[in-house]
Every structure is written in structure tokens, then in C-alpha cells.
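Novice: Those protein sequences? They're chains H and Y, same order as listed. Under our numbering, the residue at position 204 of the first sequence is numbered 205, and the numbers go up by one with no gaps. Under our numbering, the residue at position 21 of the second sequence is numbered 23, and the numbers go up by one with no gaps.
Just so you know, these hints were derived from the structure itself, not from any lab. Any given hint might turn out to be false.
[Said to hold, decoys possible] With a Cα cut of at most 20 Å, we get these calculated EDC-like pairs of lysine to aspartate or glutamate:
#, chain 1, residue 1, chain 2, residue 2
1, Y, Lys-252, H, Glu-59
2, H, Lys-107, Y, Glu-101
3, H, Lys-305, H, Glu-271
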Amino acid sequence: MNYIEVQNLVKAFKERGKAITAVNNVSFSVRKGEIFGLLGPNGAGKSTTINMLTGLLEKDSGNIKILDFDPDKNWEYVKNNSNVATAYSWLSDVLTIRQNLRVYAKLYGVKNYEHKIDELLEMFELKNVADRKIIRLSSGENTRAVLCKGLINNPKVLFLDECTVGLDPDIADKTRGIIKDYQKKNDCTILFTSHYMYEVEELCGRIAFMSNGKIIRIDTSSNLKKLIKKHTVEIAVKKNIKLLKEFLKTEGVDIVFEKDNSIVFEVTTEEDKMYKVISKIFHKGFMLSNLHVKGPTLDDIFIKIARGK
Amino acid sequence: MKLHRINALLLKYYYITINRIDRLFDIIYWPILDLFIWGFTALFIQKLSDVNVLSMLLGGVILWVFVWRASQDIAVFVLEDFWSRNLYHLFSSPVKLSEHLVSIIIMGFLRALATFVLMWAVGMIFYSFNILDISPLLIAFSVLLLTIFGWAIGLFVAAFIFRFGQRIQVMAWSVTFLLSPFACVFYPLSALPDWAARIAAAIPATYVFEAMRAMINGDPINKAGLAYSLISSIILFVAMAFFLERSFRKSKKTGLLAKGD
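Produce the entire structure from the sequences given, and follow the hints as far as they go.
Specialist: See the structure below:
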């Protein structure tokens, strides 16, 4: 069953009399209990899409279904059972974290909310700043406070828009752990956007790549990586670096970088070319001191799509 | 409309009031300062004239609080959410615009009432002036009428904020002050030049202050004027609520609500 369903979604804005299409005929669906990633460069239309899904922005055309309901007709059920966290919007800055969470718990009709608030503050390591005003918090603490709000109503559908921006690596890692745990325990459906590719790779089952308001491709991260058919090989030899360079040229690989006794080159993965080149290097008797093979990352895919290559 | 959501927002505005010194100043500092300025001015003029200037000026200052607070609180509490970039979270929750407004209106009225009680007490202590001596019934009616009129102004400003964002925030403080010279708070309608009197006659609040002065002087009250005042305030209130709803929809269309700036 799909908990988020988007069909032919369109949104255009007028800028100096000119219509700019921010979301152009976007369709995708997210299954119940799936973490679905929405990736793309700035201005790709990710946040605009989420804003329409959360009811903050009116769509021009298209259909949206959340929890199998049309949010325009069943907005109260949909909103009571979903939530959103974004690093780009704060909670009320003159209120403390605890005061904000009380307000949102009441808005979402949460019963026994003091216990729930304590649980969330503990989970996101915010207990020691719970009674500090939002305006006095660091950006990382702010981001975590927003995440607490995002989970206050035990949402069935959660929209996370760049929600780990500003977190240090340790807290970001813990936060991803909390999101994964929450999703597993509650079978929650999550629509996740981030600029950190490793994060999307770690959390998301399927990923939609957006560019210029359109979805370019939807697939798993391993399938997406297959879009780039090149591996990067870093090789260091004890001697004969010039000979190695000449050999690599005859094999037709792209040398990216060379320094002292090491060379970095790119080689296609088609027709086992990479394995053939490496085994030839061994057979030719080069004395290797280091060999490192790196496959394409989601970053490479992101750059490829962002630059329209 | 759901009561638990109105309660949640009332809690939020209560927290804003106690956490933010500006919001406390709104209900204590500025009104009391106003009362002292006009009180001392009235005492001075009182020595030169037989007219009961003290009652007229202090009565005007105390009643004007309802227009001032009712209008400014709606606009400022809407702005608070813009300032803290909190509109995104607020309106992605199950809150309806009507619940948002009802909570602001209730909080605004409670804050105006708190200011009124404070000014009434200060008036009694420092100037032996009890506003309820004028006529408790007229004062109660005036409070109702001026509050509705103040709400209408507040909704008008809030509608502009939802339409154009923070760049027109100056309206939150200026609209009430722009109206005050024409609302005849401190002087009678007859004291105005012709062109200004025409504007004043159209403003609902004018008839409340005229009635207060008539009562103080023992003159007959313009009941038709008060009826016009009540009806026009209600019509204005409904029209501005409609205008605000349209502006809110527009902000959802333009993306201002999602951006919150």
C-alpha cells in the first residue's frame, strides 16, 4: 500500500511577470514503511514538492494522496497523522524547547504529552537545554528541537527536509540512528531530502533524483550507481612509475592525477576492463606498494545529474 | 474549530507574553506612560477651564486601549510567527486559520482587559478618577464596540502581512495611530475642521468618545451614532475576516506561507 502518492504534480511561480515552473509533472509513490529519498541540486524542486505535500503550498495541478486520502478533503486526519521537520524553519524563538513541544503536543492532540516530551528530549540529548529559549540554542540544538517536534505525534508519515543540516558528525550519526529506529518500530513512511549523499544512501531504500523541477530517475542507490560506468583506481609502485604510466596509456585509461610513485586513473567497468587492466599490471611484474579501487558514489551521480552530463 | 488547538495557541501566546519583555511593555509600560502624560496635561488644563477635562482625557486614554491592543495584538502575534520563521511548522500542523485568529483575538482581549484594569487602578490612585463613574453600561458597551473595531483593524493589517510579508510590518504599529486623530479620542467632533470631521464621522470609534463626553457633560447621547458605530464595526470585522482569509489563501499560492518571510 502506498502512503504517499503523487501524480503529475505541477507548481509554477511568477517572477517579474514570467512563469517559472518549479515542479514539472512530478509523479512518485512511497510504500508504507519505506524511507524514500528525494535528491537533487538547489532549486531542483524538492522543497517545493514537500511544501505541497504538507499543505503549505497550493498546487497548480496534479493529485496528492497521503495515507490513502486526499489531503484537501481529509486534511485533519492527514495532518494529525503526519509531521514535518526542516532545518530551514525554526520553532517559536522566544519560547523554550519544552514550551514549544507542549504547544505542538496540544496542537496535535497528544495525550500525556509531558512523558512524550521527556522521552524525545532524552533521545535527542536536549535535556540540559530543554528550558532554554530557541533563540539561545546552537544551530545543531535547533535542528534537533525541530526533529523532536517532528516526532511529537508519532506520525505515520514523516517529511524530513534537509533535517540534519548543522549537526556535528556524531549527533548526525545518532540522529540517523533515531530515524531508522523510529521507522522500524512504527513502520513509519518517510520522505527524506538531504544534500549529504552518504546519509541518503544509509537511510533510503529508493531514491528519486530531481533536476529542474522534474524527476530524472527513481531507483535504489546501487542501481543508480550503475549509471556511472567508471571506477577510480589509485595505484602506487615501488619503482618504474614511468613504465607504469606508459603501460596505462597503451591500455587507454584516463589518468586523473600522478604524484611521486602513485597514479590515479579512471577505468570503465564495461567488459571487465578494470579487472583486465589490474591483472595485467600484476602480470607485468610491477611491485605495488598500494592499490585502492573506488566505485562511483551517489555524489558522483548527483554531480552528473546536476551538471546535466 | 477544535478547542484543544485554540488552547494550544493560547498557551503559546501566553508564553510569548511572559517570555518577551516587549510584549509585557505593551500591556504595562506604554499605557501607564500614556496615562501619566495625559493625566498631568489634564490637571494643568483643568486649572484654566471649568470643563471636566480630566475625565474626558483619561476616559479617552483608557478606552482607546481596547482599539490599540485589539488591533496591534492581532498584527504583532501574526508577525511573531514570521519573525521566528515558525509559520512553516504552525501551518503544517492541523491548525486552521480560524483557530489561529480566535486564539489571537482572545489573547488580545485578555491583554486589553489587563491593561484596562491597570489603568483604571492607576487612574483611581493618582487622579481619583474612576472611569466606571461615567456610566458602567456605557463603558461596557464602549469596550465591546471598540474591541470589535480594533479587531477589524488588526485583521486588515494581518491580511496585508499574509499578502506581502514582513516588509509591511510597520503597518502593525502605524495604522491605529493614523486613525487616532480622526477618532476624536481627546476632543469633540465639532473641534475638527470640515474635511477632518467628514473622515471622523465615518469612523465607528468617534461616536463612542462623543457619547462618553456627552455623558460626562450631562448632555444627551447620540444613540443613532452609537447604533451606526456598532453596525459598521461588525460589518468591517466580517469584511476584514473575509479579506484575511483571501490573503491567507494567496500566501499559500505564492509560497509566502512556506517561506515565512
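Novice: None of the hints should be skipped; say for each whether it holds.
Specialist: Hints, one by one, checked against the model:
Proposed proximity of Lys-252(Y) and Glu-59(H) is supported: the alpha carbons are some 9 Å apart, at most 20 Å. Proximity of Lys-107(H) to Glu-101(Y) is assessed by CA-CA distance (about 13 Å); at most 20 Å being required, the pair is judged to hold. For a cut-off of 20 Å, the pair hint linking Lys-305(H) to Glu-271(H) stands: about 19 Å separates their Cα positions.
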